[in-house]
Structure formats: C-alpha cells, structure tokens
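Engineer: Sequence:
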Amino acid sequence: MTASAFTSAIRLLEDSLVLLQRVDPLSWLIYFAGVVPFFSVVLFEITDLFQSPFAAEHLLLIALTLALLYFWLNVCQSFFAARVYATLTGQSSSLRKQLAASAPCQLIIAGSKLLAWPIALILIVPHAIVTTFYQHALLVSNEFSRSGWRATLAEAKKDALHHQLEAIWMLVIVLLLRIVLSLNLFVLLFILPALWKTFTGMEGNVTRVPQILVNPTSFTALLVLSYLALDPLVKAACVLRRFHRHSESSGQDLRLRLSLLKRAALAATVLIVLALPRHALAASNPNTPHPMVQADQMKHAITQVFHDPAATWDLPVLEPQTQRSGPFTAFLNTVVQRMKKIWRSVDDAIAAFINWVRKILSGGALPKPQPQHPQSSMQVSMLLALFSALLAIAVLFALWRRRRARPSIVQPIAVSAGPAAITAHDPDPAEQDFNEWIRIAAQYRSQGDFRSALRALYLSSLATLARHGLISLARGKSNRDYISELQRRAKRLGVDNATGAVSAFRSNVRLFEQIWYGMHPATEETLDRFQQNLSAFEKSS
Numbered sequence: 005m006t007a008s009a010f011t012s013a014i015r016l017l018e019d020s021l022v023l024l025q026r027v028d029p030l031s032w033l034i035y036f037a038g039v040v041p042f043f044s045v046v047l048f049e050i051t052d053l054f055q056s057p058f059a060a061e062h063l064l065l066i067a068l069t070l071a072l073l074y075f076w077l078n079v080c081q082s083f084f085a086a087r088v089y090a091t092l093t094g095q096s097s098s099l100r101k102q103l104a105a106s107a108p109c110q111l112i113i114a115g116s117k118l119l120a121w122p123i124a125l126i127l128i129v130p131h132a133i134v135t136t137f138y139q140h141a142l143l144v145s146n147e148f149s150r151s152g153w154r155a156t157l158a159e160a161k162k163d164a165l166h167h168q169l170e171a172i173w174m175l176v177i178v179l180l181l182r183i184v185l186s187l188n189l190f191v192l193l194f195i196l197p198a199l200w201k202t203f204t205g206m207e208g209n210v211t212r213v214p215q216i217l218v219n220p221t222s223f224t225a226l227l228v229l230s231y232l233a234l235d236p237l238v239k240a241a242c243v244l245r246r247f248h249r250h251s252e253s254s255g256q257d258l259r260l261r262l263s264l265l266k267r268a269a270l271a272a273t274v275l276i277v278l279a280l281p282r283h284a285l286a287a288s289n290p291n292t293p294h295p296m297v298q299a300d301q302m303k304h305a306i307t308q309v310f311h312d313p314a315a316t317w318d319l320p321v322l323e324p325q326t327q328r329s330g331p332f333t334a335f336l337n338t339v340v341q342r343m344k345k346i347w348r349s350v351d352d353a354i355a356a357f358i359n360w361v362r363k364i365l366s367g368g369a370l371p372k373p374q375p376q377h378p379q380s381s382m383q384v385s386m387l388l389a390l391f392s393a394l395l396a397i398a399v400l401f402a403l404w405r406r407r408r409a410r411p412s413i414v415q416p417i418a419v420s421a422g423p424a425a426i427t428a429h430d431p432d433p434a435e436q437d438f439n440e441w442i443r444i445a446a447q448y449r450s451q452g453d454f455r456s457a458l459r460a461l462y463l464s465s466l467a468t469l470a471r472h473g474l475i476s477l478a479r480g481k482s483n484r485d486y487i488s489e490l491q492r493r494a495k496r497l498g499v500d501n502a503t504g505a506v507s508a509f510r511s512n513v514r515l516f517e518q519i520w521y522g523m524h525p526a527t528e529e530t531l532d533r534f535q536q537n538l539s540a541f542e543k544s545s
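FYI, in our numbering the residues of the sequence shown are 5 to 545.
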C-alpha cells in the first residue's frame, strides 16, 4: 500500500507539472499579485526589526498591513486554483464571479488557518491532513451559490480524507525538495560574491566581508524563495486530487477524454474533406500527354528575343567583371591601396612644404618648374641647413624638458602625528587614543578649521566607545550600525543611563553628518554642543 501511494504521489506531481505548463499568463499574474506584496512587507519588517531601534513604534500599522495582505494573498491563490481547475476541465468563468465566490469564503477560512495550522504543526500527526485541507479549501465549491462557505469546507474535508497516504507522500516529497532547494540557495549566497569578483574583478563590501550576508533577512529570503518555487505545484496537485475524486463518482475524466476524442475526430474529418476534391479531380481528369517543345525551337526563340532591338532597351549594362580573388588577397589589396593613398598624401605635403620654404628663400617668386635642370648646390645647402637647425632645436628642447621633469631627491623628514592625520580619506579612530584626538581637535579649532575639528571630535567619540567595549570598529559599518550596536551593548552590559548615552551619541552623529556630508556650516557653538554630548556619554560609559 505504501509503495503504491508513493508511486501515486510521484505521478501526481508529474501531472501537476504538465498542468502548470498549460496555465495561461493571466493566472500567473494573479498568483504573483498576491504573493509579491505580502512577502515583500514580511522581508521589510524583518529587516527593520533587526536593524532599526525604532521598529516597535509602527508594529501596529505593519500588523494591520500584513493582515490585509494575508487576506489578499489567499484570495489570489483561490483565483489561481480556480483558473487551474478551469484549464484542466476546459470550463471558464468570469473573474467577477470568481471574486464574488472567493472573497467571502477566504475571509472565513484564512482566519481559522492562523490558529489551526500551528496547533497541527505542534501535534505533528494531523499536520498533513490540516495542510491538505486548507490547500483544498482554496478551491471554491460549485455549490457555493446555494450552500455558501460550508459547501467549500465540506468539499475540502472530503478531498483531505481522500487517499490520505498519497497526500502525505506528496507533502513529504515537496518538503524534501524545499530543503534541497534551500541548501542550494544558501550555498549560492556565499559562492556568488566570489564568482562576481572572479569574473568582473570588482570588489565591494560583500566580497571583502561575505559574513555580512549571514543575517535574518537573507535567511528569510531563502525560505520565501523555496516556498514560492514549489507552492504552485502543491496547488495544482490539490486541483488534480479533487478532479480525480469527482471522476470516481461522475466519470468526469472519461467525459473529458471523450470530448478530446470528438475534437480529434472532427479535425480528422475536416482534413479528409479538404483532401477529397484534389483526389477526385485527379481521378476525373486522367493524365494526358502534353505536346513537347523541341530544344532547337526553344533555343531559336530565345536567340530572336535577345537580338530584337525592341526588347533590349531595358536590359542592364554589363560591365567587365574583374577576376575575383580570395578574402585574404582582397584584404591585402585593400591595405596596399590605403598605404598608397597615405604615402601620396605625405609626399604631397612634403612637396608643398619644400615649395613654401623655397618661396620664402627666393623672395616670394617661384620659378617655373624645369625638371630637366637639376637644383643648384646653393639651394640644396640652404635646405639641409634649415632641416639641421630644426632638428637641433627639437633635440635641445627634449633635453630641457627631460631635465626639468627629473624629480629632485628629497631627504625624508619624520613627521609626528598631528592634525595631518585627520586629512586622510578614511582615518581609523583606533590610530589615536581619546586624548590625542581631543588635542588634534583643539589644534584645528585654534586654526579656525571648525569642520576638521568636528571630525576629530567624532573620531574621539568612536575611540572612547570602542575602548569601553560598547562598539567594535570596522570600516564597513555605518553610523546607523554604530548606533544600533551601542544600544544593544549598553543594555546588555548594564551601563548607567544607557538611554541618555545613546541619545547623546545619536545627536552627535546627526551633527557630524549634517556638517561633514551636508551643507551645514561648522561654528564654535556646534563644537561646544558636540563636546557637551561627548562629555555626557563619556560619563555614562
């Protein structure tokens, strides 16, 4: 019995895959219209709960939003199941009727699922039956218009108790597939940054520290993807289970196959009718030999047409064809032609330059070219002298540029750590202790550079928090990460006035970001307020 139930479950899942391939795009659009909003809000809220200290302030609004989206999710899944059943049976109904049937029914059933499903999960034994019951309850009964939602519950109960071992094996197989898919996605989550760095050469925070991917949001996203990948398969399997149960008493599957046979017979009849006239015409008109045209007669007629002046006025003019060469030879010929054109252009430019020089040297009047008489030695000597002078000037200019560009040797001078340390693009707060950063800030303040002084004070605050173990310094962390870490560790370590310390540090972070990254000016009043907050959480820590 177990082996046959397992085989039946495998066959059921295979048939479900085939059925899903026949589902139209509108059904998939309805399915994802319910799935995407609900799980997007779930991922957002999980991320907010673990990263934002103010997440508890809007929990009521998020809970109300999730309740509405959960109801909408069940309505869309009920739509999807109804359209899959219509695809299987060939029946169709309007979206308005499906909405009128699904909305009130799922409003009652979806609410009870939140209570019954966790209890069944704890008890383990009835979990499979409860799961299949609520999956079948998505498919509204045909008797809904007369009996209401009770007819849907009765149909779902019958479906859940029908071939229970088959349903259990089906859920076990789907669970194993989800586990395998989750493991594959988890491995891909860690391999993908390394592959990205290998193939693109680009590096970022994820490739440097892949451990930041290990967070509740990533794990939740993997579980959601594993659920969504196989959830339509479960819906289609439940639709097939109801269809099989109805077919055992009504013979619906036989009638469906008979209708398919009728369609095939009708198509074959149409093809036969379309093919009959051609064969009948061929039988009524036997093949009779056609008169043959002699080759000499055809050749003579073609020759007369070509030699007729009245027929040659629109013929194309034939140009003599050159001998075609191979692709490599044609490429070489093209290169040679281009080189000839370039050399001709250079030759013309040199000749024009020489004529210009001769015109200057001859006083503006060029004699007429006399190629039969050679140039005088005086003109040749002057041209050689001119080119030699130009070459000497170019060499001297190059030597002068090279000597000017030669770097001078500078003896290294030891520089003590001072205000220059703050000019780095991303200085490390751990490089100096708290008092040293305070000294650097005072030196910048005395010079009138309030902006750099504020940054030195901010680095001193990070250094003192790290010294007391309230935060851990890392280049990949943001100011918001430091605030969250300070809030957690201050409560865990029992710091006196932890709320005041966090509030003072948050105020300093806001001042620093407004001035260092924004357009707010830095003044002495800003520095005084920053130092007051710094003293406040220094006393608390």
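Among the hints, erroneous ones may be present.
Said to hold, decoys possible - Calculated lysine-lysine pairs in the DSSO-like style (CA-CA distance at most 30 Å, straight line):
1. Lys481 to Lys495
2. Lys495 to Lys201
3. Lys161 to Lys101
4. Lys344 to Lys363
5. Lys363 to Lys345
6. Lys101 to Lys117
7. Lys101 to Lys162
8. Lys201 to Lys161
9. Lys161 to Lys117
If you're looking for bench data, these hints aren't it; they were derived computationally from the structure.
Engineer: Taking the hints in turn, state whether each one holds.
Structural biologist: We went through each hint and held it up to the structure:
no. : hint             : verdict
1   : Lys481 to Lys495 : 20 Å, holds
2   : Lys495 to Lys201 : 39 Å, violated
3   : Lys161 to Lys101 : 23 Å, holds
4   : Lys344 to Lys363 : 28 Å, holds
5   : Lys363 to Lys345 : 27 Å, holds
6   : Lys101 to Lys117 : 24 Å, holds
7   : Lys101 to Lys162 : 24 Å, holds
8   : Lys201 to Lys161 : 54 Å, violated
9   : Lys161 to Lys117 : 14 Å, holds
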